[in-house]
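Residues per chain are reported as follows:
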Amino acid sequence: MLRAALCALAILAATAAHAQQEPASAEPLAPLQQSPLPEQIQIGLSTDRISITSDFSGADLTIFGAIENADLLLARQGRYDVVVVLEGPTRPIVVRRKDRVLGMWINTASETFVNVPTSYAVSTTRVYQDITGPDSYRQLSLGPANIYLTPLAADQPATTIEEFRAALRERKLASGLYNERIGGVQFLSQNLFRATLRLAPNVPVGSHRARAFLFRNGVFLDESSATLGIYKAGFEESIHAVAHDYGFLYGLFAVALAVVTGWAGSIVFRRD
Amino acid sequence: MSIYLPIAEMSVNLFVLLAMGAAVGFLSGMFGVGGGFLITPLLIFYNIPPSIAVATGANQVIASSISGAIAHFKRGTIDFKLGGMLLLGGVFGSTLGAFVFALLRSLGQLDLFISVLYVGFLGIVGGLMLVESLNTIRRSRGGAPAPLKRSGQHNWIHRLPLKMRFRASKLFVSVIPVLGLGAAIGFLAAIMGVGGGFIMVPALIYLLKVPTNVVIGTSLFQIIFVTAYTTIVHSTANQTVDVVLAFLLMIGGVAGAQYGAKAGQRLRGEQLRALLAALVLAVALRLGFDLFVRPESVYSLAPLGLE
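Residue numbers (the numbering used here), protein chains in the order written: chain A, 1 to 272; chain B, 1001 to 1307.
If you are wondering where the hints come from, they were derived from the structure by calculation, not from laboratory data. Beta carbons: idealized from backbone N, C-alpha and C, even for Gly. Some hints here could point you the wrong way.
Pairwise CB distance ranges, derived in the manner of DEER restraints [what the hints assert, rightly or not]:
#1 Gln-156/A with Ser-1106/B: 15 to 25 Å
#2 Phe-248/A with Asn-1047/B: 24 to 34 Å
#3 Gly-183/A with Val-1298/B: 28 to 38 Å
#4 Gly-103/A with Ser-1140/B: 33 to 43 Å
#5 Glu-1132/B with Ala-145/A: 55 to 65 Å
#6 Leu-1096/B with Thr-196/A: 30 to 40 Å
#7 Gly-234/A with Pro-1211/B: 47 to 57 Å
Just chain B, same shape as in the assembly (with noise of 0.2 Å):
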């Protein structure tokens, strides 16, 4: 059965979205992630065309994190403080990402920007997953426990200036940093329309040594008013972002994403954490052959000023 996109402007089909979602979501509930990252590549590889992958993409994301952010509402595991200082750099950087968003429109370049951060980011995240992962597997098979991490390690990030205390995570730390990293994810969800934990997640845990019970709730929180901020601005802009495609990724999404938990129960962290990376990696792969294949053609289409 086809459904006709009125965005992107061409017909799918509807259980093939579904199905797409369904995936994402199993996998997202799986490893806990938001699956913003999967859901983008996966539409450029349908032919959606990259600029609305991506704004739909964090319209998504809203959706698969907000059941985890209520979640995490109830039992009181979001920092609030630090959330909103994240979420302020992320609404600068989000609207820096459209401003350069657009501007690489006009140039024709931003399927090839996409493609590249893409390549790069997955790349580089799903290595060292894959090698975290696959180191602990060998030395838990060896029998040797995995060292500890030490906490109260201090690093350059602690001895900037402007430092404000944040008594949830009970971080006394400078605003500097979380400002930026904020800016950071909101400047690739605008881009690459994913809500950013992969990256949010290592970076509070190991540079701003945020504890990791507040760390999910808190990242939840800031990608979801993040994610609602890129999609107001893409389709005030760029009138990017198709409801009736996103609708679609949401039901299979949320749907997946109740099964995937399930599943996730029964496998354990480093395999979940191994397969997660040779998925990453996979996709990274795929997006990256794309760019050295010569296309079908070498001329494109745009209409001027659009796309």
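One chain only, chain A, in its complex shape (with noise of 0.2 Å):
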């Protein structure tokens, strides 16, 4: 009996002992006893800073990446998905809401929305819904239309939120700062990807997010992220600066300019 209990407590320490010490050496182990490592995707920017001039009319973005430990049978069969999204700077946005009023339309309801990315070029492999479902866009709030919206003012009825948010939503795709490639996405080889994303040609200026998401049969699996800069270069940009922090001299400036040009057209073009 004392045995019996003694050699009990004995394994019971053993398995202890084994459980304290396998976190070190189940790594290296891993690999070849286990299910192999998890699928992991990567992006990479060949730079992080683009300037764009003036005159930019729009462009197309490239962005590679790669499938680690992709199981080579699965991708052959084209069971992975990617979704690659760019993402501009975050800004209050109000939303207005003409209605007719003695016949003119005019901004009656507003609501504002606290944190509106300015653009979001999204790609994909597949059409939306071949690759996972709704619910897992929405817990992923992946894609214009599940982007999360918050209102500055919570107090409105759920529907006007809604509505508002639709049509912001809305609004932004029709001016192109939102859009979405579908079949964007394409693979190179079994693991190696291309994204091509589209940039507005009024796409905002600052620092954007470039995000991709790997799928497997509708599973979310991983999720990486870069950031890339996007600068506005040239005269035009450098007046627009001074505008905006010099408004004073700016201003003087547009007089004095006025004043000169009015004056040298009156000799130029002589009336008398």
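Put the two chains together into one complex, using the hints given.
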């Protein structure tokens, strides 16, 4: 009886000791014994800073990426899906609605959202519903329809907030600042992919975040991100900067320019 | 050829803007008006945001008024004392206007307010001018001479206190209507981007009974300083002056004005006024039309705190 109990104790102790050692020894052994390492997604940008000139009329941005530890069989069957997003800096935005008042269309109602991405470009391997389910998109707040927009005043009825939220997305999509490219992500090999994203002509300057999401058989696996600064360069941009930083001096300059132009004009095209 | 406007943040056609400036310059030379009340609506029709169209319009008016003001200065047909008092009122009015401008912008009602003011003012001024010029044309066809305006008539304005003597205008009148008129013009300059000559000139002639020979010079003198002040206030407070846009309009405007002035000499006064009235009414109708037609989308976006 006693021997049996001691024996059991020893086994317990041995188990405990084993358990304590396991983390240290597990790593080198795992690839051989257990299921393969989880798949991971990586993206790379050739530059972390893009300068666009004033006459920028929109462009395609290409982001390359790779799936690490991809199961080659699944990859060959096309079971991996990738969604790449380029999100612009967030700003508070007011959405206004016009209604007919005395026959005139007048802004009446409005709703402010505090953290609206100024731009949002999406590129996917396939149509949304073939990648994963709506719940998954909502959890990841992925895609123009699922960006989470926080209202400033939460006391409005939910239907009103939803109406303005939908209007904001619709207006942003109409302006091209939010855009989607279904099939814009292409696999170059079994684990290398290339995503093409649309930069709108009026793409906002500032720090943009590129994010890539990996799905396997409709299940979200991994996400990785990189930042990209978009800056405007050139003569017109310096004018913009001066107008905002030195408004008073800029005003004086505008007046002086008008005086000189008007005066010079009266000499060049003399009336008398 | 397209050019990027740094403040409006949009690409526009260079030649469209030059042509727009030249056309308005031609008309302003022909009719002897500043052209601000035509430039601002045209810019709005060209999809320039109204807030930028107004502030830039004020800037452009300086250039289109300066050569006329220099000419009047040389001829000595400016009443500096009267102009100075109008200007004093104008500075108050313009400051108030810029404040109201910023307030309306944050409320999202600026575009509406600008359009309603334009429709109202252009409609009234255009309508009055059209009726007056058509009557003159009809009367001159009938052979009857136009009735002469009797000078020296006094109205309620001349009974107000705080009288001041304006020697160049041979006037002894209360400063209250002078300051008030200046303030009203300054307010309109800040909100509508106009010099206000189309209101100032009739007001000086009919309300204050200023002699016609000093009216234009004094009005131009006041307009230059009020629009200059308005430009600086807008660029400081609202950053809405687009200097590239203004410069293109000025170039076109200065050139166009000279040809307009020559063309204007061949037409008779009442015919000119009837044409101008028709033009003013057309602009008012076009702006009014936009107010009543269902917009493409009833929703609009604006960054918080701006535009």
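Okay, the hints, checked on the actual structure:
{"no.": "1", "hint": "Gln-156/A with Ser-1106/B: 15 to 25 Å", "result": "holds (19 Å)"}
{"no.": "2", "hint": "Phe-248/A with Asn-1047/B: 24 to 34 Å", "result": "holds (29 Å)"}
{"no.": "3", "hint": "Gly-183/A with Val-1298/B: 28 to 38 Å", "result": "holds (33 Å)"}
{"no.": "4", "hint": "Gly-103/A with Ser-1140/B: 33 to 43 Å", "result": "holds (40 Å)"}
{"no.": "5", "hint": "Glu-1132/B with Ala-145/A: 55 to 65 Å", "result": "holds (59 Å)"}
{"no.": "6", "hint": "Leu-1096/B with Thr-196/A: 30 to 40 Å", "result": "violated (52 Å)"}
{"no.": "7", "hint": "Gly-234/A with Pro-1211/B: 47 to 57 Å", "result": "holds (53 Å)"}
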